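Working from the sequences, and respecting the hints, build out all of it.
Taken in sequence, the protein lines are chains L and P.
Last residue of the first sequence: 448 (our numbering), numbering continuous.
Last residue of the second sequence: 147 (our numbering), numbering continuous.
Keep in mind that the hints were calculated from the coordinates and are not lab data.
Bear in mind the structure is a predicted one, so any value in this text is a computation, not a measurement.
Some hints could be false.
[As the list claims (entries may be wrong)] Here are a few chain L residues that sit away from chain P, every Cβ distance over 10 Å (derived from the structure):
1. 238
2. 269
3. 271
4. 287
5. 438
[Unchecked claim] These stretches of chain L come out as covered by chain P in the derived footprint (C-beta under 8 Å, 3 or more residues):
6. 259-268
7. 320-326
Every residue gets a Cβ at the ideal spot worked out from N, C-alpha and C, and that includes glycine.
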Amino acid sequence: MNQGEGVMSQWKGNNGLSRRQVLATAVAASTALSAPAVLAQGRPRVVVVGGGAGGATAARYIARDSRGAVDVTLVEPTRAYYSCFFSNLYIGGFREYASIGHSYGALAANHGINVVHDWAVSVDRDKRTVGLAGGGSLSYDRLVLSPGIDFKEGSVAGWDLSQQNRMPHAYKAGSQTQLLKAQIEAMPEGGVYCMVAPPNPFRCPPGPYERISMVAHVLKQTNPTAKILIVDPKPKFSKQGLFEEGWQRHYAGMIERIGPDFGGDKVEVRPASMEVVIDGEVNKVDACNVIPAQQAGRIAALAGITNDAGWAPVVAHTMQSRADGNIHVLGDASQQGDMPKSGFSANSQAKVCAMAVRGALTDSKVYPARFSNTCWSLIATDDGVKVGASYEATDEKIAKTDGFISQTGESAEVRKATYEESLGWYSAISDDMFS
Amino acid sequence: MAKPRPRIRVPKSVEAGAPFKVRTRITHPMHTGLQRDRDGNIVPRQIVNRFRVRYNGEEALSVDLEPAVSADPYIEFEMAVPASGLLEFEWVDDDGSVYSLSRKVAVG
Chain L
14 MNQGEGVMSQ WKGNNGLSRR QVLATAVAAS TALSAPAVLA QGRPRVVVVG GGAGGATAAR
74 YIARDSRGAV DVTLVEPTRA YYSCFFSNLY IGGFREYASI GHSYGALAAN HGINVVHDWA
134 VSVDRDKRTV GLAGGGSLSY DRLVLSPGID FKEGSVAGWD LSQQNRMPHA YKAGSQTQLL
194 KAQIEAMPEG GVYCMVAPPN PFRCPPGPYE RISMVAHVLK QTNPTAKILI VDPKPKFSKQ
254 GLFEEGWQRH YAGMIERIGP DFGGDKVEVR PASMEVVIDG EVNKVDACNV IPAQQAGRIA
314 ALAGITNDAG WAPVVAHTMQ SRADGNIHVL GDASQQGDMP KSGFSANSQA KVCAMAVRGA
374 LTDSKVYPAR FSNTCWSLIA TDDGVKVGAS YEATDEKIAK TDGFISQTGE SAEVRKATYE
434 ESLGWYSAIS DDMFS
Chain P
40 MAKPRPRIRV PKSVEAGAPF KVRTRITHPM HTGLQRDRDG NIVPRQIVNR FRVRYNGEEA
100 LSVDLEPAVS ADPYIEFEMA VPASGLLEFE WVDDDGSVYS LSRKVAVG
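So, in structure tokens, the structure goes:
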């Protein structure tokens, strides 16, 4: 969050300026840049697609730090945002559902952002317009795409979106998360919860395993003879040593993970009969959480800026698409280098992007890009762990400079402090996105 | 203790006389007899003490396991067979329970 404060302090130095003076400066700057298109249409226009950790942060920082010199429209289909981060804690009973929900109201009221609740369904890169599902289009000088993820069709045999009520993914937070929680709570005594984990790369690398911890936490209290089965195509996973230590400590005998060495990469689900077939062996399950393989949110592909793997490559310094300099891509949808796909990463990238957009459209000062990320995971009550790093922009990618990770065998005090740190972060990022 | 669950991985078909890999794992706490529970009482020893593999009724492998072996013991080995047949696996628990699985192996 230091980058944001850096930008703010720059503006604080200009406190004597009225908004109108800043606007005048901005227009003068545009003239100096001889950008007739911008002049003809008045204020430069930014359209942000996706109101999550990337998009909401970018919209807010561009509007706030340009002090009205840039016209910002945020396109987001849902009226309330439920954060994927901390949604596992809701499943585990550590958070109320309402506490992970956020309104877009303050972005309009406090920052003059035009919030449009609609789906962006097309991008015309030559005309620089975004088409909306409800009809009409928005023109832009810069477009920020932060659409998160969509699932790859056919990545789990037997599963498609039409099965998401019977076998929820709960990997876009909201009603799916509520549904999965209800299904876990309705499991029969001694029943089996199965998770089909996704292949790399995917949103929130420790997320599936934090979820396993939270499901185990619930079942240990309400259904202690229940079993948890993880079917995983990956040989290794994030914070594996920490999770496995915690599972042994808190939930011994409850969790079994089937990696590719036992056929975890050859899975088929049968939603109608609630069966999971692992390399030919049929397992009857009572709740099944299928997290499929992922790719950038569909609008990125529709804009024609994704690669064969389904992600949108970007320039690390500015988060600009490598295919189109008028488009920036943030967060999970971007292919940027070393950062994990996380809300923290998206928020960090959004500030770099906002600075670059503001700089380009208002000719104001920008600073070298710096990024940071931390992923906290809760294993059991007051048993929090984290992994994180700092990053810088190189011409090739966002490159890791140094990192840290919780250690096995840490004291209860350290783990509690780590969990409490995550609560502070949640409240800070919520403000950073929505206040 | 949760009921142990054995799993095996064997190729469905192999070549006669050619080595192939077999992977086995059983979920089991492997209590060493040295740990104490939250109330300070010793948790009695309970481990899988023997693992046996037979091929068409003939012993192919026999392993004695000791308390130092970690929870959920994983055993991987290579074997070769001359002709199609049945592989049988057995895990023997300290409490006398025997957990078993079998798998047909086709040669050719």
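Verification of the supplied hints:
| no. | hint | in the structure |
| --- | --- | --- |
| 1 | 238 | violated (7 Å) |
| 2 | 269 | violated (5 Å) |
| 3 | 271 | violated (7 Å) |
| 4 | 287 | holds (18 Å) |
| 5 | 438 | holds (32 Å) |
| 6 | 259-268 | holds (count 4) |
| 7 | 320-326 | violated (count 0) |
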